[in-house]
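> Sequence:
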Amino acid sequence: MTLMKSGVAALGILGLAFIILLATRTTQTNGPNFDIVGQQSPPIEGLAVNGENFELEKVLLENRSLPVEQQTWVAVNFFASWCSGCVIEHSDLLRFHEKGVTLEDGKQCKTKLIGVAFNDRLADIEDFFAKYGGDWPVLADERTNRVAIDFSVMTAPETVLIAPNGLVVKKVVGPISYDDLVMGISC
Numbered sequence: 053m054t055l056m057k058s059g060v061a062a063l064g065i066l067g068l069a070f071i072i073l074l075a076t077r078t079t080q081t082n083g084p085n086f087d088i089v090g091q092q093s094p095p096i097e098g099l100a101v102n103g104e105n106f107e108l109e110k111v112l113l114e115n116r117s118l119p120v121e122q123q124t125w126v127a128v129n130f131f132a133s134w135c136s137g138c139v140i141e142h143s144d145l146l147r148f149h150e151k152g153v154t155l156e157d158g159k160q161c162k163t164k165l166i167g168v169a170f171n172d173r174l175a176d177i178e179d180f181f182a183k184y185g186g187d188w189p190v191l192a193d194e195r196t197n198r199v200a201i202d203f204s205v206m207t208a209p210e211t212v213l214i215a216p217n218g219l220v221v222k223k224v225v226g227p228i229s230y231d232d233l234v235m236g237i238s239c
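For the sequence shown, our numbering gives the first residue as 53, with consecutive numbering after it.
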């Protein structure tokens, strides 16, 4: 065999070995989960702008001890003060926060709205809420970047709806309307 043929054969074997390596390696477990709907919600905890410490696990634990009609649905809205889509959806989020969800039969479902600041400054967040209203907890500490990664948030706005049992039932990328947010909620 000539030197040229043995070099080509060696490259072929290395290429085949590389393909086998890629095909048999395990999947990465610390990357984003783009298909989060139908899965258990990642943990959410942090210090809100108003000083409140929020933990999703606490809400979910309380839900387990309550009858279904008293359990709380949680909407998590990833937003930023510089985001035009966030301004567009804000009045619908305000309605969700203030009025909750009333079903066609008149039954009122318990809801909680949590804001998660996305690449924003505290002063700008405070100005945003002073201008557009709303007093729901907004997480804006150093842990919010981890929350955004856990929910595979790429940009603002994005909204996730979490059922009382902790399952993510909806994820909307872009501005969300009140009707889209409450669709599927039952109590």
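Honestly, the hints are just simulated from the structure, not real lab data.
Misleading hints may appear alongside valid ones.
As the list claims (entries may be wrong) - When the alpha-carbon atoms are kept at most 30 Å apart in a straight line, the in silico DSBU-like pairs for lysine-lysine are as follows:
#1 Lys-159 x Lys-223
#2 Lys-222 x Lys-110
#3 Lys-110 x Lys-162
#4 Lys-164 x Lys-222
#5 Lys-222 x Lys-151
#6 Lys-183 x Lys-151
#7 Lys-162 x Lys-151
#8 Lys-222 x Lys-162
#9 Lys-110 x Lys-164
#10 Lys-223 x Lys-164
#11 Lys-223 x Lys-110
#12 Lys-110 x Lys-151
#13 Lys-183 x Lys-164
#14 Lys-164 x Lys-151
#15 Lys-151 x Lys-223
#16 Lys-222 x Lys-159
#17 Lys-162 x Lys-223
#18 Lys-183 x Lys-162
#19 Lys-183 x Lys-222
#20 Lys-110 x Lys-159
#21 Lys-183 x Lys-223
It should be emphasised that the depicted structure is a prediction, and the values quoted were computed from it without experimental measurement.
> Tell me, which hint numbers fail for this structure?
none
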